[in-house]
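Visitor: Listed below are the residues making up each chain.
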Amino acid sequence: MTFALTLSSSDLLLLLPEILLTSWLCLILIVDFSFPQLPNEQLAYFNIAGLVATLGCLVWFDVNGITGTLFANMFALDRMALFFKMFIVGSTILVILASIDYIHRFKFFRGEYYFLVVMSALGMMFMASANDLLSVFVTLEFSTLGFYVLVAYLREDIASNEAGIKFFILGIFAAALLAYGISLVYGETGKLVFSDMTTVQATPGLVIGFLLIFAALGFKIGAVPFHSWIPDTYHGSPTPVTAFLSIAPKGAAFAILLRMFFVALATFKPIWTLLLVAVSILSMTYGNIVAIAQKNMKRLLAYSGIAQIGNVLIGLATGTKMGSDAMLFYLLTYLFANLGAFAVVIAVSEAIGSEEIDDYSGLGRRSPFLAFSMLIFLLSLAGVPPLAGFIGKLYIFIAAIKEGLYVLITVGLINIVISMYYYLIVVKKMYVNEPHDRSPLKVSGPIKAVVYVCLAGTLAIGVYPQPVTDWVVSAIMIFSNVADPTASLPIPPAVIPFGG
Amino acid sequence: MGDYALLYILFAPFVGAIALIFVSNRQTMLVRGIAAGSALVSLLASLYLFFTYDHVKAGFQFVQRFEWSRQLGISLHLGVDGIGTPLVLASSILLFAGIFVSWHIKDRMKEFYIWLLILAAATIGVFMSLDLFFLFFFYEMSVIPMYLLLGMWGSHTKKYNEMTDPEGLKQRDSVGFIFNFGSNSKEYAAMKLVLFLSAFAVAALMGILLIYKYSGLNTFDILVLREQAKLMNIPVLGTTLDKIIWILIFFGFASIAPLWPLHSWSPVGHAAAPAATSMLHAGVLMKLGHFSIIRVAFEILPETTRELMPIAAVLCMFSIVYGGFVAYYAKDTKYVIGYSSSSHMGYVFLGMAALDYISLTGAVMYMFAHAMATGMLFAMAGWVYDQTHTRDIPSLGGLANRMPFISGCFVIACMASIGVPGTVNFIAEVMIIVGSWNKYPLQVIVAVVGIVLTLAYLFKMMRGLFYGPMDQKYSHAHDAVSAADRLPLMIMIAVSIGFFFFPMHLYNVVRSGVDPLIAKITRVVPVAQTGEGSGVRREASATPRTSDAPLLANNPSPLTPYSSRGSE
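Chains as they are written, first to last, in my numbering: chain E, 907 to 1406; chain S, -9 to 558.
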């Protein structure tokens, strides 16, 4: 294999968002070191400016249909990659906004916090474009590197340190599995690029290799049985990091999973469907049942996140174009609902210094805004109309029933009812129980902005999903070769900017 | 107004709810005004809808259609037929009345009205949905406001064993007891209600998804599916697919109706709910079950309905007798009314099960009539509870001295609930009984026994509440004197009595919706004759309606192409 590294300027254009963000990253470090007295907020808004510029650049690419591949197919910039990059950058902006108040809890290295967040985002942007196994490995580790530090950022907090160590050890283990899997696959086939692997034969080495790769990616998305790091890490991390960790890496890992299963392994669809069905059923059921027993809001959201990932895997298990559309749609609804819920957790913990569900008692009286927002986000996660989560779940179920995955749908439907129970327990605490302390809560501006954006997203997608469905359908056009009866329907190439 | 009547009815409460978000709780009159105003818009539009519905033309009218999702084949397709129209009217009457019934709510009034409006709007949405997706969408949407209304403004009920006779273990609701863990809190009632209804709703959703898949039409539109979906004779799991779908749909929606033995959530939920919520809940929310079964199972799977509807005929007997007996032994006012509602819903199932023109028309009219009767009863039970802070019948008594107006209305409400001539319930009950007699004589006898039971437990409760000696601690209780307090009762009484004396429009409207449905299910080919159609229509005869044909055949609605009926 030879890499012809002859880059023209038009090729480099494809890397413009990443180049932009990399240079901004350096700028952040320089600014932070040169002006140590710079207030926190200004540094945060400086960061957001760079991210917004990147987002604008991505939207511009998407609108003008600028796509292509680089470095001998290692880096693919297609509509799907653009979708995930926007997803990642968008969630990063919201996470940074939500961190502005939280950051005073860090005694040192406040500037570096932003640097690490944006660095992880950069890694994940590369992940969304990773088109061969080598770049998968490199980008995955690049993005995780930032998280290793971020998770343990509360240095005095023992839980945060525990979370860091747990995440690090298991993360390194997953990386080793990934490397081993890649070496097996390369040894069997001699190929690294996904699109070259469509003709490979199923040999034991290849099967084991891909299983190991799937395990590593399963670790990243937190699907059962690779979930064991999730509850403790989510619990111990600084809450904005938890919010970040619960959304952006999942999106990036699903981009890789989509490329791996839909492109490289398209011919083995009957086999991996079974694998994904099993993982999905386990994730949904385990996540929802264990979530019932939780007393801490972050742990509850951690387990509910495991269950939500199970739902997304339904879409992957269908192996159709429609299933992948539904996945993207679901991830978007999950972004708004989950990030919104974490933003409320941050706001409450800023005000009362606790994340226990018991301390949410009477939130409806102390802060009607936060309680109402939490209600909307939790109901969206549970899948109640007219919120985005309901449409997302239905989209995925429709895609699955077209493929005849009845058992999976039945389990998914039963899980909706189970999940409703523990979400409603929180609602009960907030609205039915009386507060221990009636003083109203103060919510800061940036958090309010995050909550408003997430509320708008959750409600708008729920009430009128057409623009978003158009967007995800056109983003996944690269998989229209996957057998799917609905792919032949005339779908207008409408392009909707992020968040619309 | 005109063509957009449905949009006004559906969105006025939503707009009201959104407007309320921006109002402070301190501006009491403004909050009430916005809530009542939006309910009034909805009420006026549904009155317009009801009285301008063209029963000669029949079919789906006031149709609105907006594409909602191309990829999933969903459109916001609204329209009402003769079955939906009276139920829309009942919902908006009860919403308007409910706003006045909860006029004196102190705690978080704004939020209360927001959730009440959303609940009512979602209910109304089901009655006008012509798209399976939106039918489920609104159905599921109506469940969550119930949780908040019960949890935040509800009241705790007594312990389960104290609810009924302590000695009479046999009279206890043992089927309900299986799912009842002895808790008496409103949170428990609310959670039970939501989980129970959601669990069955997802069964119905599975049925809907199966219809979607096997019709292969990539649409949720009921009007398209009922004409083109070919779901019959597909073997699955030793039976046929249509039966599985029908069972999922029927029991999924029958849980909210509530059909025995799926009723266990309902009395607990009624008892815990605040008065206005109970009214909407028993008045219209329960009818979502019957309505959805009619709209989905009857329309899309007529042959299977004919085959499997006897299930409902068997279960409805248990509903009637069981609900009646438990209501007789219950000591809590709202338990009595709750069980009486679940008993009375058995009549509706009987009317539906007989698959007869008269009985189904009677069933739909009974839904409308029961909405008024049970709305009045719950409103007054709520009033008595607000005044005395107890719902325990044995400890109450003699309240007629303190509240003559309420006790007078209560007598009328009992009469309506029993179905005494003078109320529209009488007409509906007689139609159900007459219409079902040929097919299910045993059930009709049970239903008549159920009427006697109704008489027994309602009069027992009335005596316990309003007559006999009064405990002096209730001497501060006062009557409903202000116009705002009397208005809701007066409206419901006027509707209930008014439609007894002038039932023809209601009958014609309902009949125009029932006729094509029953014709499709029973495949009775109406003999095409001209003339005198409208004259014969005015009788409630038990024979199959042959003379309706000209009316329908001469005016085929573009939306309801029943061309196949002529050729059969």
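Derived by calculation from the structure, the hints in this document are not laboratory data.
Keep in mind it's a predicted model, so treat the numbers as computed, not measured.
Be careful, since some hints might not be right.
[Unchecked claim] Label pairs and their calculated CB-CB ranges: (1) S:P225 with E:V1313: 16 to 24 Å; (2) S:G206 with E:I1177: 37 to 45 Å; (3) S:Q17 with E:G1351: 23 to 31 Å; (4) E:D1264 with S:D461: 38 to 46 Å; (5) E:L1180 with S:N15: 13 to 21 Å; (6) E:F1275 with S:Q17: 15 to 23 Å; (7) E:G1351 with S:G27: 54 to 62 Å.
[Stated by the list, open to error] Within a straight-line C-alpha distance of at most 30 Å, the following computed DSS-like cross-link-like pairs (lysine-lysine) qualify: (8) E:K1334 with S:K220; (9) S:K96 with E:K1175; (10) E:K1334 with S:K233; (11) S:K429 with S:K450.
[Unchecked claim] Among chain S residues calculated to face chain E with C-beta under 10 Å, some are: (12) V133; (13) M142; (14) S145.
We put the CB at the ideal spot given by N, CA and C, even for glycine.
Visitor: Honestly, which of those hints from before does the structure not fit?
Guide: Per hint list: 2, 5, 7, 8, 9, 10, 11, 14 violated.
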